[in-house]
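**Student:** With chain X's structure known, arrange chains E, R and W on it following the hints.
Residue numbers (numbering that gives the first Met the number 0), protein chains in the order written: chain X, 0 to 92; chain E, 0 to 92; chain R, 0 to 92; chain W, 0 to 92.
Keep in mind the hints are simulated off the structure, nothing from the lab.
Hints should not be assumed to be uniformly reliable.
Copies of the same chain look alike in the list, so a pair counts if it works inside one copy or between any two.
Once the Cα atoms are required to be at most 20 Å apart in a straight line, the calculated SDA-like pairs of lysine to any residue come out as [unchecked claim]: (1) Lys46 x Gln25; (2) Lys7 x Gly42; (3) Lys78 x Gln40; (4) Lys12 x Gly54; (5) Lys7 x Gln49; (6) Lys12 x Gly23; (7) Lys78 x Asp31; (8) Lys12 x Ala50; (9) Lys12 x Tyr33; (10) Lys7 x Glu32; (11) Lys78 x Arg88; (12) Lys78 x Glu32; (13) Lys7 x Ala47; (14) Lys7 x Glu57; (15) Lys46 x Val90; (16) Lys46 x Arg88; (17) Lys7 x Tyr33; (18) Lys78 x Leu53.
Number of protein chains: 4
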Amino acid sequence: MRGYAEDKDAYLKRLRRVEGQIRGLQRMIDEDEYCIDVLTQVGAVTKALQAVSLGLLEDHLEHCVAEALAEGGEVADEKLREANQAIARLVRS
Amino acid sequence: MRGYAEDKDAYLKRLRRVEGQIRGLQRMIDEDEYCIDVLTQVGAVTKALQAVSLGLLEDHLEHCVAEALAEGGEVADEKLREANQAIARLVRS
Amino acid sequence: MRGYAEDKDAYLKRLRRVEGQIRGLQRMIDEDEYCIDVLTQVGAVTKALQAVSLGLLEDHLEHCVAEALAEGGEVADEKLREANQAIARLVRS
Amino acid sequence: MRGYAEDKDAYLKRLRRVEGQIRGLQRMIDEDEYCIDVLTQVGAVTKALQAVSLGLLEDHLEHCVAEALAEGGEVADEKLREANQAIARLVRS
Numbered sequence: 000m001r002g003y004a005e006d007k008d009a010y011l012k013r014l015r016r017v018e019g020q021i022r023g024l025q026r027m028i029d030e031d032e033y034c035i036d037v038l039t040q041v042g043a044v045t046k047a048l049q050a051v052s053l054g055l056l057e058d059h060l061e062h063c064v065a066e067a068l069a070e071g072g073e074v075a076d077e078k079l080r081e082a083n084q085a086i087a088r089l090v091r092s
Numbered sequence: 000m001r002g003y004a005e006d007k008d009a010y011l012k013r014l015r016r017v018e019g020q021i022r023g024l025q026r027m028i029d030e031d032e033y034c035i036d037v038l039t040q041v042g043a044v045t046k047a048l049q050a051v052s053l054g055l056l057e058d059h060l061e062h063c064v065a066e067a068l069a070e071g072g073e074v075a076d077e078k079l080r081e082a083n084q085a086i087a088r089l090v091r092s
Numbered sequence: 000m001r002g003y004a005e006d007k008d009a010y011l012k013r014l015r016r017v018e019g020q021i022r023g024l025q026r027m028i029d030e031d032e033y034c035i036d037v038l039t040q041v042g043a044v045t046k047a048l049q050a051v052s053l054g055l056l057e058d059h060l061e062h063c064v065a066e067a068l069a070e071g072g073e074v075a076d077e078k079l080r081e082a083n084q085a086i087a088r089l090v091r092s
Numbered sequence: 000m001r002g003y004a005e006d007k008d009a010y011l012k013r014l015r016r017v018e019g020q021i022r023g024l025q026r027m028i029d030e031d032e033y034c035i036d037v038l039t040q041v042g043a044v045t046k047a048l049q050a051v052s053l054g055l056l057e058d059h060l061e062h063c064v065a066e067a068l069a070e071g072g073e074v075a076d077e078k079l080r081e082a083n084q085a086i087a088r089l090v091r092s
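This is chain X alone, in the form it adopts within the complex (with noise of 0.2 Å):
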């Protein structure tokens, strides 16, 4: 089971507003408005996927890598390596 799995339908929501955002900034630029304002919105864009980023890794963290470590060896290092190096791309991104 996936650590997002309680809150997969939270995200599939977020995940339709974001698409619905996306066709909103269709219609701006179709309708020539103000580059500023196009570019707003396009950051409120960006922060709703980032909260989304943080969400999933949230329930990574305390489901797959928690369960991993519970376990612990190799399978503990090689989940925390591997959320290590998701949390490097995040945060360079």
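**Tutor:** Positioned in the frame of chain X, the structure of chains E, R and W alone reads:
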């Protein structure tokens, strides 16, 4: 005419691709794909949006801000102040 | 004259404070302070440097780039291209 | 013992180098070096600090959080909650 007018079709094409990627994320979560793989894909979408933001900002500086600066006076000051605030929001997001 | 010339003393003062914060971080690590507290302090230093970057960029746009745009032609194009690259580096850092 | 204990000397060495870079920035500003060159150097310092943060976080997850998770219960929950908040601050900085 907006700074991005010449690149309008390219921006619309990129945003339609992002829209497709967001639907792809919904599928990944719906099909219980591994958390790290979903996270990596969210990172790809964030990067695509960041590139859209930088493109819009570049077009804005090269057209709207450049024209205002050629005009000078209060119009130029206000346009620069506004651009600097947009840059700060982008950097801090 | 550099865009930041008028704010030179303020930048030097801010950077001396950052220097002191870096020495403070060394002390924290030397005295085995808790990881999260050290991390929080690194975040404070990063934020202070981000503000210095945004200030320098603002001064550069309002002086060096504005003057080049008033001049127009190849000088202006090059100065805008350079500023856009600096903004992209800052956003991606 | 802190998660970073084994890497203490390496962290101190890296922070002394950052301290030197900050003094270098002060010299650049004092000697009126070009804005973009100063900005580029601030970016290099920010990247070095980001790497220190990621290292500290990695050490913390692999030692402090791993030990707490092996213990389980309220101690583990609190340690994970705290780590997730630190990750969120780092991502949003």
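**Student:** So, against the hints stated earlier in the document, which numbers end up violated here?
**Tutor:** none
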